[in-house]
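With chain U's structure known, arrange chain V on it following the hints.
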Amino acid sequence: MTNLAPAPCIALVALALMAATATTAVAGMDVDLEREFQRLSGIRAKVAELPAYRESEDLRQQVEILGRRLEELASGSQPDETSVERESLRKQIDTLQLRLADLAKMIVDFREQISSGENEQFFPGVRHRIAAFTFDDPHQTGLGDPVSFLLAKKLLFSTRVSSFAIVNYRQGAERDTSSGLAYFDRVDALTDAQGFLLALWGRVSPTNDGARIDSYLQVPADADDAPYVRTIRLPEAMGSGALTARLKPDRIQLQSLVVTADQIGMFEAAAAQVATLRAEPSAESTPTGRLDEGKPYRIVDSNGEWIRLRFDDGVAGWTSVDAFCKDICRELLDVAIYTNDIVALTSGLSPRPPPPSVTREAAAVTDQLAAIVAAADDPRQAVDVASRWAERSPTEGGALVGGTGFANLLAAARVSAALDAAGGDGTNFDSIRLDRSFIATVANDLAVASVHDPGDIDVVENLAVLFAYLGDDRRRELALDIAAGLKAR
Amino acid sequence: MDALRSTSRVASGLVAAGCWFLAVAPVQAQAILGGTVIDATTGLPIPGVEVKVQHSGQVVGSATSDGNGIYQVPFTAPAPDVTMVAAANSPNHTLATRPFQVIDGAASGAHDIALFPIGVTACQAGTLHSVIVGHFLPPLSSSRTDFPERVARSLESALNIRLQAVYLPPELQPSFEDCAEAKPKTPKFGARLARALGADAFVGGNIADDPPAYTVSTYVSDAHDLFPSPPVITSRSINLENFDEASISGDAYAAVLGAIAAGLAKNDCVTAITVVKAATDLVEPDPPYLADLRARCEARIPNTGLLGPGR
Numbered sequence: 001m002t003n004l005a006p007a008p009c010i011a012l013v014a015l016a017l018m019a020a021t022a023t024t025a026v027a028g029m030d031v032d033l034e035r036e037f038q039r040l041s042g043i044r045a046k047v048a049e050l051p052a053y054r055e056s057e058d059l060r061q062q063v064e065i066l067g068r069r070l071e072e073l074a075s076g077s078q079p080d081e082t083s084v085e086r087e088s089l090r091k092q093i094d095t096l097q098l099r100l101a102d103l104a105k106m107i108v109d110f111r112e113q114i115s116s117g118e119n120e121q122f123f124p125g126v127r128h129r130i131a132a133f134t135f136d137d138p139h140q141t142g143l144g145d146p147v148s149f150l151l152a153k154k155l156l157f158s159t160r161v162s163s164f165a166i167v168n169y170r171q172g173a174e175r176d177t178s179s180g181l182a183y184f185d186r187v188d189a190l191t192d193a194q195g196f197l198l199a200l201w202g203r204v205s206p207t208n209d210g211a212r213i214d215s216y217l218q219v220p221a222d223a224d225d226a227p228y229v230r231t232i233r234l235p236e237a238m239g240s241g242a243l244t245a246r247l248k249p250d251r252i253q254l255q256s257l258v259v260t261a262d263q264i265g266m267f268e269a270a271a272a273q274v275a276t277l278r279a280e281p282s283a284e285s286t287p288t289g290r291l292d293e294g295k296p297y298r299i300v301d302s303n304g305e306w307i308r309l310r311f312d313d314g315v316a317g318w319t320s321v322d323a324f325c326k327d328i329c330r331e332l333l334d335v336a337i338y339t340n341d342i343v344a345l346t347s348g349l350s351p352r353p354p355p356p357s358v359t360r361e362a363a364a365v366t367d368q369l370a371a372i373v374a375a376a377d378d379p380r381q382a383v384d385v386a387s388r389w390a391e392r393s394p395t396e397g398g399a400l401v402g403g404t405g406f407a408n409l410l411a412a413a414r415v416s417a418a419l420d421a422a423g424g425d426g427t428n429f430d431s432i433r434l435d436r437s438f439i440a441t442v443a444n445d446l447a448v449a450s451v452h453d454p455g456d457i458d459v460v461e462n463l464a465v466l467f468a469y470l471g472d473d474r475r476r477e478l479a480l481d482i483a484a485g486l487k488a489r
Numbered sequence: 001m002d003a004l005r006s007t008s009r010v011a012s013g014l015v016a017a018g019c020w021f022l023a024v025a026p027v028q029a030q031a032i033l034g035g036t037v038i039d040a041t042t043g044l045p046i047p048g049v050e051v052k053v054q055h056s057g058q059v060v061g062s063a064t065s066d067g068n069g070i071y072q073v074p075f076t077a078p079a080p081d082v083t084m085v086a087a088a089n090s091p092n093h094t095l096a097t098r099p100f101q102v103i104d105g106a107a108s109g110a111h112d113i114a115l116f117p118i119g120v121t122a123c124q125a126g127t128l129h130s131v132i133v134g135h136f137l138p139p140l141s142s143s144r145t146d147f148p149e150r151v152a153r154s155l156e157s158a159l160n161i162r163l164q165a166v167y168l169p170p171e172l173q174p175s176f177e178d179c180a181e182a183k184p185k186t187p188k189f190g191a192r193l194a195r196a197l198g199a200d201a202f203v204g205g206n207i208a209d210d211p212p213a214y215t216v217s218t219y220v221s222d223a224h225d226l227f228p229s230p231p232v233i234t235s236r237s238i239n240l241e242n243f244d245e246a247s248i249s250g251d252a253y254a255a256v257l258g259a260i261a262a263g264l265a266k267n268d269c270v271t272a273i274t275v276v277k278a279a280t281d282l283v284e285p286d287p288p289y290l291a292d293l294r295a296r297c298e299a300r301i302p303n304t305g306l307l308g309p310g311r
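Keeping their order, the protein sequence lines are chains U and V. In terms of this note's numbering, the first sequence is residues 1 to 489. In terms of this note's numbering, the second sequence is residues 1 to 311.
By construction, these hints were calculated from the structure, which means they are not laboratory data. Values in this document were obtained by computation on a predicted structure and should not be read as measured data. Just so you know, not all the hints are guaranteed correct.
As the list claims (entries may be wrong) - Part of the chain U face toward chain V, derived, beta carbon under 8 angstroms:
# : residue
1 : Val448
2 : Val451
3 : Arg475
4 : Ile482
We put the beta carbon where it would ideally sit given N, CA and C, even for glycine.
If we strip away everything but chain U, and leave its shape as in the complex, we get (with noise of 0.2 angstroms):
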């Protein structure tokens, strides 16, 4: 067994400087000016993932400056006059990008003072945080460190969002004697008041003729609301309550990939080569140091699928997880790429679809959290998303991946979509009184998700507040008093 004191290795902090994808191309525009636009869009959606200090506001507004003259720019119709602003702004846009990437470095040095131990949560600061543990590998198959080590590198070199870190637990997730918990509890008490906004684990278990490889991702007990519940308020005329969707399951098997016998060493020598920096970014470049664990480092330059590191003491070089995993490695790779898709919905970020070796419910929770995501601008969207998913009853075809979660955000829903086609008149939101026997389908279909999870304790309290519009007293107080009785468990 393991040593039982939950100290994790700050094995990995970097911020992703390369992750601005956002493109709006403006039709009709020339070449030219179409090319600023592109690169204020790429500040722009750098410059939202940034902390809220003083710093990146100024930026903020500098953005929407520079935004406003482009457009301006873009609308007249004398290229004479517009030659020496155009060639102003570009200026800008260049400082903007010199200053965003001061910022990013400030950020870096401000982390790593924290990191030193004055504050009990790693990385305080940092908005995306995510805690990656060692996979449990109990038989000694060899692939639990190589698996670990590759996933964290791909998670760190891929990520979508800046102002990123990964805490890695070098103890693994595996069954501590001491405390009786495993698992998803374990981690929970582990990562107990840390915050981190998802957390990644898995297990490696022998099999016939090879072993298998199974991924975790779990919503931490103790993450914020904030990215994974919306709520939607009613009017006041229809009560004054509000209807919550939350994220359901959030303890999801991400992956199980199998692996033979013969291909349990390229995880291994894929490691040993991503671990090497080299002096160019080429597989035949000469090495100049090695990625060690625990000591912090940034990604300062990238070129296709290398990524250029630099340590604090100076030494850098160039690494990529890409080029050398490849065939069932490059599967594996899927965890960290779905990771980093879950990462960037939760900052408003659009949704990818999840790659194609993930299962079924992970598949199930894209679409759902980027319906709850988008609950409350484009509620038509969420109604679509989860009546899709919702629409099949545990009784007909057998597992319900996400069930519960996706008939609770069908109501929400719903309710969402016809408050705003309500308002679309014009009529004051507080008096919009929607039609009873409307609330009264939606409530009657969210009442049969009840009976088959009849542990969810939103979707009860959602059925109050429908129950209350609907003056249905006795379904309300029983439905309140379900509610309460789950709350005292």
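Structure of chain V alone, referenced to chain U:
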């Protein structure tokens, strides 16, 4: 067993009206305690077991079970209504003591005594929910004896992850006890064994040569009459050197989860439904026993009262 019952009673009391000062001295009651001594793991009778009847630590009667495991102990009860103790002892089994009630001087009914083979009682878990993994008959070509342990650890890691994923509280999570000494004669007795040990399920099986690999048959018995007959799940082409989670099919996992859900359903159908859902995620389509358990539990939860008209 009625024939075994013998009551002899001497009435006590005042002999006649007027002789109120002539109280009769207390008279001891004669009785017989009878029943069958059986092996708790196989359900089979055990001959030659000495059964003693005791009161306040004193042996007041004893007898030995016959070839059919039947015993009859004549004894004298110290009072007409009293609690006494029967103790059964056999060299290959652990001592069993059980109290019985003498009423009106008689020990009525059959008093069957189930004995555990030495070693099996150690398999009893200290948890609210548990699964006993017993003997796996090894193939002719292998002398490995570690299958119960490996199956127990495989079930534990595979199932507790799933139960935690649906937030089953730690105190309700099952323990998985490997118990090579538990060898029920047929799967039917597995259910009896599970009940005797306070477990939800008993898992056993056999492994057969199937060159170049092996065929593993696993059966799951449950303590709560969930399965009309224990489901037998067969996995082919198994490499015994790497016998682990992958060697156990989703059907076996679902059956074990179903048994645990049935145990939970006795007190808490809300939690039981959650576990049924975790079980149905493992198999397609839903086995009838899971659908039945879900339906029984849904009928018992208050949430049904939230349904609209016509549901």
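Quick rundown of the hints versus the structure:
1. Contact between valine 448 of chain U and chain V, as hinted, is supported at the beta carbon level, the nearest pair being about 7 angstroms apart and thus within 8 angstroms.
2. Of the supplied interface hints, the one on valine 451 of chain U holds, with its beta-carbon coming within about 5 angstroms of a beta-carbon of chain V, less than 8 angstroms.
3. A distance limit of 8 angstroms between C-beta atoms decides the matter here; for arginine 475 of chain U the minimum to chain V is near 6 angstroms, and the interface restraint holds.
4. The beta carbon of isoleucine 482 of chain U is positioned within 8 angstroms of a beta carbon in chain V (closest approach about 6 angstroms), and the interface hint is therefore held.
In this structure, none of the earlier numbered hints is contradicted; all agree with it.
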